[in-house]
Each structure stands twice: as structure tokens, then as C-alpha cells.
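Residue-level listing of the chains:
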Amino acid sequence: MNVHTASMTGTAMAYVSISGVRKTYGSPRGPVAALEGIDLQVREGEFVSILGPSGCGKSTLLKCIAGLEPTTAGQIVIDGRPLKGPPHDMGMVFQRDVLLDWRTILDNVLITAEFIGRKGPEVRARASALLARFGLGGFEDRHPWELSGGMRQRAAICRALLCDPKLLLMDEPFGALDAMTRDDLNLELARIWQDTRKTVVFITHGISEAVFLSDRVVMMDRNPGRIVEIIDIDLPRPRHLALRETPEFGRYVAHIRHLFASLGILKDDDPETGSGDHS
Amino acid sequence: MNVHTASMTGTAMAYVSISGVRKTYGSPRGPVAALEGIDLQVREGEFVSILGPSGCGKSTLLKCIAGLEPTTAGQIVIDGRPLKGPPHDMGMVFQRDVLLDWRTILDNVLITAEFIGRKGPEVRARASALLARFGLGGFEDRHPWELSGGMRQRAAICRALLCDPKLLLMDEPFGALDAMTRDDLNLELARIWQDTRKTVVFITHGISEAVFLSDRVVMMDRNPGRIVEIIDIDLPRPRHLALRETPEFGRYVAHIRHLFASLGILKDDDPETGSGDHS
Amino acid sequence: MSDSNPLFASRTFRALHEVGMVVLLLAGVVVVWEAAVYVFKPAPLILPSPSGIWDEFLLAPAYFLRMSLFTLYTTLAGFVLAVVLGLGLAVGIVHSKFMERTVYTLLVALNSVPKVALAPLFVIWMGTGIEPKIAIALMLALFSVVIDAVLGLRSVDPDMVNLARASRASSFDILRKIRFPNALPSVFAGLKVAISFALVGAIVGEFVAGSEGLGFAILTAQGQFDTPRVFVCLILLGLLGTALFYVVEALERLLLPWHVSQRVPGGPGH
Amino acid sequence: MSDSNPLFASRTFRALHEVGMVVLLLAGVVVVWEAAVYVFKPAPLILPSPSGIWDEFLLAPAYFLRMSLFTLYTTLAGFVLAVVLGLGLAVGIVHSKFMERTVYTLLVALNSVPKVALAPLFVIWMGTGIEPKIAIALMLALFSVVIDAVLGLRSVDPDMVNLARASRASSFDILRKIRFPNALPSVFAGLKVAISFALVGAIVGEFVAGSEGLGFAILTAQGQFDTPRVFVCLILLGLLGTALFYVVEALERLLLPWHVSQRVPGGPGH
Amino acid sequence: RADEKVSVRLDFSPWGVHAGMHLAKEKGWFKEVGLDVDVQDGRGSGNTLQLVNAGQVDVGQIQLGLLPQARENGSTVKSFAGIDKRTDLAVLVDKDSPIQKVQDFKGKSLVVFAASPWAPFIDYWLKQGGLDRTTVNVMVVDPAAVWGTYSAKRADGLMSTVPSAIPVVEPNRPSKAILAEDVGIAFPSYGLIATEKTIEGRKDALKKLVQVQQKSWDYIRNGHVEEAAEAIIKQRPDAKLNKKVLMEQIQLTIDFFDTPETKGKPIGYQAKEDWIKAQKSAETAGAIKPGTDPATYYTNEFIQ
Ligand SMILES: Nc1ncnc2c1ncn2[C@@H]1O[C@H](COP(=O)(O)OP(=O)(O)OP(=O)(O)O)[C@@H](O)[C@H]1O
Ligand SMILES: Nc1ncnc2c1ncn2[C@@H]1O[C@H](COP(=O)(O)OP(=O)(O)OP(=O)(O)O)[C@@H](O)[C@H]1O
Ligand SMILES: [Mg+2]
Ligand SMILES: [Mg+2]
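Residue numbers (this note's numbering), protein chains in the order written: chain S, 1068 to 1346; chain Z, 1068 to 1346; chain X, 4 to 273; chain B, 4 to 273; chain U, 520 to 823.
Just so you know, these hints were derived from the structure itself, not from any lab.
Please note that the accuracy of each hint is not assured.
To be verified - Stretch-level coverage of chain X by chain S, calculated; a stretch enters the list once three of its residues show a Cβ under 8 angstroms from a Cβ in chain S:
1. 156 to 167
2. 174 to 181
3. 251 to 262
By construction, the Cβ of each residue, glycine as well, lies at the ideal position given by its N, Cα and C atoms.
Working from the sequences, and respecting the hints, build out all of it.
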């Protein structure tokens, strides 16, 4: 188990390189420090998860990487180019499914293709196939308000995947999904990653989900939002759900839980807790 | 472990009594069957969780109980009165935090009190206390768009709890929360329930969360949305997080997982899965 | 529409029902009015009776039709120009602080000057043809198009824009695929006000200089103390305005079935 | 406001900057205009020069001020009435299909009839006092208030209403605490159009019968072929209208800091 | 006791024909006879007539030529004093223009406002020169735009009245008048009107009003044109009136006071023959149906 208190290994080959990033929101009641001194390198084809308590700045960090929020200080370099606005060839899943009410589900998925000027029956076919794969077959022609929360979120995932981006940024994509569908989609995502080797930055609340999917897990804490630890997950790939029953898997999970417990984020009315994953 | 294939025990003392409920949504592309033949009795002071795959009609059922969606067929009786519109003394957490942009967080929480004509410093004090308890102390004067997803959801929970309702309906209240905060709030909710003995109907995606909190767990399946099983959770109260490590707890979780697996909702690329909770 | 779909059937029924209500209402107004005239007997110069107005119309239906068509033409020309120009200005105003502070302010100032006061200058500058009339219709209609379009274009959920930006959408694509569809309900509110005012503008233009159109017909009738004729024109104007308004509203229903304000009240499924 | 808070300081600075831009723009217009008159030498009857207009104003500033104040009074009276009545009607229209089909339709028809055509009838019915002027201002302003308020009241997220209903909120509370605040941005768009048209209405009223106000002043000046004076009045009208509009907009900024359209472009933190 | 209130509405914003009223106010002659007269500016003769007819004002001073058509449509107003009794309708053209008679307007353009006293007679007048609206471009514009259109030379002729128009267009476009009289159009010009009800019910007040007007105009006529113009300016300080123009207008008004039938009669007296001519003119022009009694148009009962 390799633990880095800050970052690194191979800055040269980093696809996403974040150094010294600070982010402060202005607000009528004074500035809010959301991120402080963030350093992080994501290699090409790497799957990195970000874990952290609510409000620690995960979404803010993802938006900064996406070039959607300007940073207050520090630098972000993507694929060798300093970030100026959203980078090329990126797919993004927002924390809130941002579906457009005036489009059907299929058209909502297609919008990313439209933006980069791709059209035609192949794209439509691919969108339909993706929707079917995510359990939304037959809902192509519905409008967003006719869908359940989980269905909306799955549509948003399809949208991000449609153009097969090299960089995939996902903000709690499985938050509104039930345990079973979630397992399903975890496997689906692992398979997609295996096949296409995208660079993925994945925010989640599930410790086990993070360990299961990732090459590395970034742990953050709040006030101000900062990285407290990054661990490598040295588990074999391809991974099957059964992996989660193995002791190595359990050890990663336990390590993360302990870390958060020691930070006072995780507490219990009962002293004997702190091991095992029960999110 | 008591398993009922339909419903029941003690219809006489049922606080919420649902019988033969069907719900069909009209839509330009023909009717959508969301619920079919739902029968469920919830006793006064009982904590009932609803589990089921995405799109199986959980939210729809909760809205029907809340009197917000008319049922297509069947009857719902609450506290002896057939349902006509939202019942008295109910608190509700929606799947989407429905925060009002024009109000500060504190005022968002206070709105339920305003609607029933309660005002004054005590209510404000109670709201502030609730917010602090849910980790939002110091955010009273912020506007919703200045909060993270998890913070918004917690504010919505405070709002539902403010007026200390007898009936509490919660639609995935902890969906946007990280594992640690979630454990915290599970305990908080269990404590509140212990103290006030509200009747709670709780929709969740976490099997372990459902077992941990509930007196009974209702399992649903989709197409059309229906109840497939209801199990009693005979675990001692008050419950501590350590309970989740016990074999009885594990057995409940395993039972639920097996059921869903047998329904084809839960599947895996690996045959040896199906036990343990890893949501 | 000859669909046997029950939804369509109920829609048609509802529409018929609504039309019935309006017809009933109008009939009521006419009856009360006629009765009032019958009882109080004001001179036709002050208030003619509905039947008197109807008789007046029957004297020269072709004339009134011709005048109405002319006014309709001016109105539509002014309206269409106002929509095109207004949307363009709104886009400019939303995208550029400079445009906002200059064009917007000029527009506000210009709109505060009543066109009836400007009209004489218009005639002097632009002559007595159809141009000044279209210009006045345009100017009256423009303002509400701009104001409502600006609100609509601005009221977009920041995350929707982020979604588009994340796909490196061009400003134009963001405008076309996010801001504009999102603004449509508000734009249509503006159009509904605008079509009414375009008609008013056309009439004002005809008042100031004209030899055709309902405005001209009103003026001539007023000059001849022919109040029943004035009323025929006013009623035709009312009808024309109502028809135009509901055409815009129908267009809205057609284009925006997705918007909450257009969904069946109480949500789907009722 | 004498706060040392940097945010306030930057706001004040921004406001000053914006005002500067407008002043610059106006100065530009004046210079071009003056130059054009100097070069083309049109008769003052057709187009007076800015300096000529300014001289005219200096002849009787007190007179122009008095006329402006009178018009302002009529405008505000009409506007306030229109807002009260308009919001009331909008609530009725949103809550009752019957109201929608009757009141709404009548309103549409009424708004299609130009007030300049109705004004003489108003005067005949209501006399030559201030009442018909306020009535005309009210009628011109009413429509956009209603249309935009109806859109705003309807465009509420169904879940927000559900939230209120779940707490057994009364219809009135839903209106007051959910629908109305949610409608405010749209209502303000309506108000901005309405204040402009209320001013126009006041002038139209003064045109038809009046012995005070800018409309009356324009008429007398026109009677004297004193085009410079007409322009003084027109410019005062423009200034008055602009001032009123920005008062409404300031009110909007004050009341709706929460709305996306009011947040600093690009989101907070920039 | 308090003075009796009478409201008088004029035809337009201040000009020479209003001299009688403003002078009397200025001199306090109404007060002397116990009247409290409120003099309002108007928005066209037709509009004033409507307001008198509706009872919103007591008395109007308007173009009497409108009376036949108004009564035809149910109005009950009558003239109770004539001021200009001679027809002053005219078409103004450039002073040095070769145009002399109706025929000469062929292919030319004319500008007029819709509610002008000219309105009912335009076609009739054109016909006298063998013309119609296809051979002459008649532009109907707002009253406020009439002068500008003519002054800016967007029209060859301006259809108006001599006393009001000639002095006004002088500085911008010196003009001469082609009188409507020339082709037989004849009807009384300015006078005072009230409804039959007012005439019946307020005899005393109207009588005093007429007396004061007679006194006023007689005074003006006898060498006090300038004083009358000054009175108007004093009464309407805000209107920024031009004294020279006003004096010319007053003088022209006086020039059109009498027809042959009213020569030597008191100011305000209206002759039956003149009204019969007016009725005939209106009939010929198709403005009214034949068969009305001209005696219903006026009364001389207040004239002494
Ligand atoms: N637009 C904004 N204006 C002001 N403050 C903001 C804004 N967005 C976020 N913040 C603040 O920044 C901090 C981090 O927010 P962020 O949304 O990044 O958290 P998060 O880690 O994604 O939390 P969650 O897991 O609950 O989604 C929070 O304290 C929040 O209040
Ligand atoms: N307003 C609506 N109009 C039409 N169909 C609807 C509407 N709301 C829900 N549905 C349909 O009803 C079914 C059940 O939806 P519901 O929101 O109750 O699911 P859910 O169990 O809450 O799912 P999730 O866990 O994803 O939130 C879905 O198929 C959905 O498409
Ligand atoms: Mg977040
Ligand atoms: Mg749901």
C-alpha cells in the first residue's frame, strides 16, 4: 500500500497536473475559501477517485479542472497545455443531472455531439445503445420531468460518455442510484475504462466504490478544502465484484475509514467502530 | 426473521394504511404505469424503509402517501382519515432538495413553520440548532446556490424536521452525502426517532442503511412498480453502528441482496457474489 | 388531428369548451350593452347600440375588410421587424455590458417618448407612405420584445451553460441550444405584448398620416361624427388584436409543450 | 454605503463607470447631431440643433419642470394602479380557467384598441380632469404587467408547490411565499415595460385634453410650430422615462439579489 | 353672490380667433357681469363639439361648418353666436405659384388633417375642377403634422383656413390663399355653440357671455388689435406666442366677420340665408341628407 502525503510520480507523463491551486468564492458576506494548496497529478489513462466530506470542495475542484471555474491561485495543466477554459475532448457528469427540459432524453444525450459538430444516424445509434446499456431503453422519447431521479442521472452519464472523451470528470454520478443499479454501473464503468483507457477523475461518497474503481484515491478534508492523503490501489484488473470480499480490498477500505475517523470526520456513539465499509 | 409476502399485522393500529393503490401517469406518449396493487400498513411510531431499483415507483408512492399525487385507484387512509390532500402534521424530504433561491438557508428551513403559522424567536432558535446539528452552523445566512450538494440536502432535512411532525416521509434524504456524514446522520435520525417516536417512511438506496434504521423494510420491483416483500427487522434498539458488524445484521442484508438478485435486479459478472453489503 | 387518440379528443373538447365560454361572455356583454342603450337612449354620437354598430358594418363590409387587411399588413410587418431586431438587440445586450449601457438606455429613452408625439416628425422625415407606419409599429413592439428576451436569456441555470462550455460549445451554440430555448417562454410573453402594441402602432401611424387602414377609417369617421362607424373600427381592432394574440399563444403551445407554464395544471397524470 | 467593504467600493466604482459610459454615449449623440445641423442647416421647424434646444430650455426651466412634475404624477398614479390591478388580475387568471378565458380575452381585445382612439371617448365620459389621463396611463401599462405576471406565476417548479402543499400551506400562502417570489423576476420585466408605457399613456391623455403636463406643452408648442420646444419636451420625456425605468431596475436589483439574472455574469467569485 | 361658472372650450391651442375671450378675461369684463369663465384650449373643433355635446363643457368656440353633420348624427348642439360668418376655408400655395383655381392642382399634392372642416368638402371641391383623388394626391395627416409637412415642402398645397394659416406659414413658406368660396362652398366659420339643454337652461349666463363677446370684438375692431394680441399672450404665458402672428390672425379674423347678409347687424348675428347656403353646400357635398331645417342650427335669441 503506497501512501503519498502530497502527490507525485511521473509529472512528465501527467495528463492533468494541478499545482498550488487555491479557490475562493466571493459572496456578499465575504469571501469563502473552498480550496487551498491543491497539488495533484493524474496520469494518462489513470482512474482517480476523490473522497471527502460534504462541502470539502470536491465539486469545486472538478469544476476547476474542467475549466469552468477560474482558480484564485495556482496552475492547472492538461495534456501539456495550461488550462484556459474547458479542455478538448472532455466529458463531464455534473452533481445535479443538468437535463434540458425542452429536449427528449435522446436529444439530451445527443447535445454533446451536436456541440462538437457530430451528427447523423451513427451518433444516434450510439446514443440509443448507451441509453439501453444504462437501463433507459424505451425512454428515448420521454422528457426529463417524466423520469425518476435515478433515471435522470443515468441519462446524464450517457451524455458524458457519448463522444468517447479522453478525459472523463464525474461528480457523484451514482449518487441517486440504488445499491443494485450502482453495482451494475460500477462494473459497466470499469469495463468502459478497461476498453478505452480514459483518464477519469471520479467523485464519490462510497469508499468501497472508490477503492473498487480506482488506481488511486484522493482523500480531502474541509475548512479549507485540501488534500490530506493519496493512496495507490494496487489491486489486479480487470476487477470483479467478488474482489470486494477479499482481505486486501477490506484493508484499503479500513485504511480510508481510519484516516477519516482520525480527522474527526467519522465519529460514532460506539467506540468499537471504524473498520469495514458500511456506506 | 419474519417475512410477509403481502403486508400487515394490526390494521387496527395502522397510522398509514394503503390498499390496492394503482398509479398511472398520463403522458403525450400514452399512459405510464408507475404503481400497481400496492398494499401497505405502517403502524404509529414505526420506521419503515422502502428499497427498490431506480424507477420502480418509490418516489411516486411517497408522493401518493403525502397526498401530493392523486392515486389512479385504491385507497390511502392516514390516522383513520381517508386521504384528501396532504395530511396534518407531516414532514417531507423530497428527492431533490427543493430549496427556494430567494431565501437564506435559515429562512428556507423556517418556511414549514411559517406555513402552519408558527413564528417567533423559539422557532428560529430551534431552526438554528437543527442546522448546527446537521453541520450547517454558520451557513444560516447563505443562499442555496452558495452551498454544496450535500449541504443543500441537509438543509432540506432540517426543514422537514423543524415542526416535529408525527409523520415523516423521506425520499433518499442522504443520497448526496458522503459515507461518513451519512453514518453520522443515520445515528442522528435513529436518535430523533428514538426520542420522538415519529412514524417514518424512508426511501433509500442503501440496504445496510435500511436495515440499520428500520422496523420493517419494504422491497419493491419495477414494471409495474409493486411490493415484492416486506421483512421485519428484529434487532434491538437503541442501535449503534457496531450493530452492523453483527451476524444477524449481515443476515438481513444478505437476505435482501439475495431477493433482489433472484429478481434479476442484482447481477454480477462473477457468480460468487450476492452476500455482504457493499453499496 | 383526426386521431382517435383520447388525449387529442379531450384536447379538442377542451378547446371547444373554452371557445364556448368566450362566445358566451361576449354575447353577455352585447346583450347588456344593447339593453343599456335601449333604456338610457344616449345619442348615437355618444354611445351607439350593438345593433346600430352591426347595421353600420353591414353597410360596407368590403370597405371594413379592406381597411382591416391593410392594418394587418402594417402590423405584421412591424411585428416581424420588431421580433428580429428585438431578439438581436437582446442578444447583444446580454453579451456586452457596453451594449447594455448604450443601446439599452437609448431604447428606454426612446420608448418613453410617445409615438404620437414623434409621429409628426416621422411624417416630415419619412413621408406619408407605409414606411412611417411600419416604423411606428416596430418601435412600439420592440421594447417588450427586448425586455423579456433579455430576462429570458439571462435567467439560465449557470450549470446549463457549464454543461455546454464543458463540451467546448461556441458562444453561438450556447445561445442557440441553451440560452435561446431556455428564454423562449419569456420571449413569448414579450411577443404577446408586442403583437398587441404593433397593432396599436400601426393604428397610430395611420392616425398621423394615412389614406387607408382602420386608423384612417376611425379618423375619418370621427371627423364626420359617425360614432357607430368609429365603433365598428374599434371592434374590428379588438377582434384583430385578439386573433393575433391567440395566434401567438397557439404558436407558443406548439413550440413549448415542455415548459411548466404549458403543462396541464396540477402536473401530468390528472 | 460609507462602508469600507471592498465589495461596496467596487460596486460603487462599477456603477460610476457605467454612468460614465452612458454620459459619453449621450455626449457623442449630441455632438453628431449638432454637427449634422451645422452642416445640413435644416429649418428649425424640421430639426433643431441641440444647442437651440438647450437655449429653448433655458428660457423657461421652471415651466418645463412644472410640466414634467405634473406628467410624473399622472404616470406614477397610472403605474401604481396598473401594478395593483395587474397583479390582481394575473392571480385571478392563473387560479381560474374561467377568469383566464374571460378577463384575459377582454384584456387582450382592449389592449388592441389604441388608446389614442379611445382617449376622446374617455374624455367624453370622464371629463377633462386628471382622471382620464390616469386611466389611459393605467390601461397602457396594465397589459404587460398582466402578461409577465401570468408567465411568472405559472413558471413555478411543481416541486416547490408540492413542498408548500406538504405543509398544508393555504393557497394564499403558496401564492405569497412560493409563486409570487418566484414570479418576481418576470413581474419586474413586466414592470419595466409598464413604467415606460404608463408615461406614454399620461402623455396621450394630456394630448387629448389637458392644460398641464409635457403632453400639453408639446401640443401648444406644435400649435406654435415651435419645434425646438417640442424637442425640449421630447428630451425631458426621454430623461423622465429613463429615470423611471432605472428606478424600477434599481428596485429589482435591491429586491432580487438572489436571481440568476441579477448575479454577476459568470457566477460569483469573479 | 358668487359669480356663475361657465366653461368655454376653444378649438385649438391659442391663436388669433381666441382674442375675444382672452381680452374679456384680461379686462375683467366677465367678472363685471357676474360670470366666472373658464377658458380651455382645445384639440380640434370636432373634439370640442363632442365635449360640449357630452356636457363636459358648457360652451365651445368652433368651426360652425361641422354643425350640420354633427346634428345629423344625433348631436343637440346649436350655434348661439357667429364670429366669423364668411367662409374662410382656403388652400394655401406658394405666393409666387402659378396656381389660381382648382383645375391647376392637377397632379399636385395636398395635405389636410382628417377632422379638418375641409374634410366633407374635399371631393366636392376637387370635382369643381374636374379632378378627383386619383389626379390629386390628398395626404391626410395628423393636425400636428400638417404644418410641418407643408413647410417642409412635402406638399404643394395646404388645406386650411385663411386667418389661422397665412400668418403662420409666412416665415417658412410665404403663401397665398385659393378660397373655397370661389367654387361656391359656403358656410359660417367660427362661432359659439352649446347644447339645446344649456341654451334653454342657462339663458341668462349665455346672454351675458354674448354681450361680453360683442363688447370685446367691437373694442378690438376699433383699433385695439395689438392690445388683444397682448391679452392672449398674458393669458397664456407658457405658450410663448408670437405677437406679430397673433395680430395678423386677429386682423384676418376681423376681415372674415361678415357676409353680405350680416353687414350692419350686431356682432354675433347669424343670417338665415347664410345657413341655407351652408346646408346646400353640405348637401351637395354629400355630408348630410337633404331635408333638414337650417333653423335648427342656430339661434339669435341672445343677440342684441
Ligand atoms: N457558488 C458558490 N458561492 C459561494 N460558495 C460556494 C459556491 N459553491 C460552493 N461554495 C462553497 O464552497 C465549499 C465547497 O463546495 P463544493 O460544492 O465544492 O463541495 P463538495 O465537496 O462538492 O460537497 P458535496 O459532497 O456536498 O457536494 C462549500 O463550503 C460551499 O459552501
Ligand atoms: N411526472 C411523470 N410523468 C410521467 N411519468 C413519470 C412521472 N414521474 C415518474 N414517472 C415514471 O414513473 C416511474 C416511477 O418513477 P419514480 O420517480 O417513482 O421512481 P423511483 O422509484 O423514485 O426511482 P429513483 O430511485 O430513480 O428515484 C418511472 O418509470 C418514471 O418514468
Ligand atoms: Mg459536490
Ligand atoms: Mg425517486
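*asked:* For a quick check of understanding: which of the numbered hints are violated here, in increasing order?
replied: Violated: none.
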